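S.K.: Following the numbering used here, the numbering of the sequence shown begins with 1017 at its first residue and continues without gaps.
No wet-lab data here; the hints were simulated from the structure. Some hints here could point you the wrong way.
Using 20 Å as the maximum straight-line C-alpha spacing, the simulated DMTMM-like pairs for lysine to aspartate or glutamate come out as follows [as the list claims (entries may be wrong)]:
#, residue 1, residue 2
1, K1072, D1114
2, K1072, E1097
3, K1072, D1089
This structure is a prediction, so every number in the text was calculated from the model and none was measured.
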Amino acid sequence: MQAANVPDGDVLVILRHPPHGSSWLREGLDAALVAAAFGQAVSLLFQGDGVLALLKGQGQGPLGQKGTSATLDMLAMYDIESLFLDATSLARLGLSTDSLQLPAIPLEPPSIAALIAGHRLVLTF
């Protein structure tokens, strides 16, 4: 994807943590839902181990930690449809877009920089 094709928006939430082992990912998704509920145009960027959150078949984590699949399924209800992922992270993890629960657009580093620059607020989790 060309850097010129990434959308501008109000809030970009960057998710860098895996779905289990900490609450960072859930907190980032919650922040995105709250911003969207207040009428903000929200985009999500999954980077690093955060890409793992998009895998199909996510269940509970260890010790009954809540899974994120249900929250991801709610994104469309909040009009959060701009989903992106770091193509380098996807390749590093040996994954393809076919293995993802939701359609996310893979971006190369120049496009990621343009995506970040096009948002007035960037939150990283």
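S.K.: Hints first: check each against the structure and report whether it holds.
M.R.: Checked hints:
1. K1072 - D1114: Satisfied, since the Cα-Cα distance of roughly 9 Å is no more than 20 Å.
2. K1072 - E1097: Cα-Cα ~18 Å, so holds.
3. K1072 - D1089: With Cα atoms ~11 Å apart, K1072 and D1089 stay inside 20 Å; holds.
Hint compliance for this structure: no hint is broken.
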